[in-house]
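I would like the entire structure built from these sequences, with the hints used as guidance.
Going by the UniProt record's numbering, the first residue of the sequence shown is number 1, and it counts up by one from there.
Simulated from the structure, these hints should not be mistaken for laboratory data.
Ideal placement from N, C-alpha and C gives every residue a C-beta, glycine not left out.
Computed spacing ranges between beta-carbons, pair by pair:
1) Pro25 <-> Tyr77: 35 to 43 Å
2) Asn56 <-> Leu28: 37 to 45 Å
3) Cys65 <-> Tyr27: 28 to 36 Å
4) Pro25 <-> Arg74: 37 to 45 Å
5) Thr8 <-> Asp67: 16 to 24 Å
6) Val20 <-> Lys53: 30 to 38 Å
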Amino acid sequence: MPGILAGTVEDALMAYSAIVDQSQPSYLRPELNLPQLGSTLSIGNIKLARYGKWFNDSAEDIRSCCDKALQALRANYGWQ
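Pasting the structure below:
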C-alpha cells in the first residue's frame, strides 16, 4: 500500500493536508485536525531496507523520486 514517506509525524500531516481532495463536498472529506505539535528530537540509528528486485521493477521516474527521498532522509536525519 503506498503511503507518505516523511521524516516526522508533522511532515506526514502536512503532506496529507496538501493532497486531500478539496473538490469534494466538505461532508465527504475527512475532518482535518492538525495539532500544534512541538519540535521533537528525531529518531536516530534507523536502517531502511528496500527489496531491490521489486524496487528496480518500477518506472524510472518513480525509482528516481524514491531514491531522492531516501537520500534526503539519510542526509537530514543520518539514517542508513
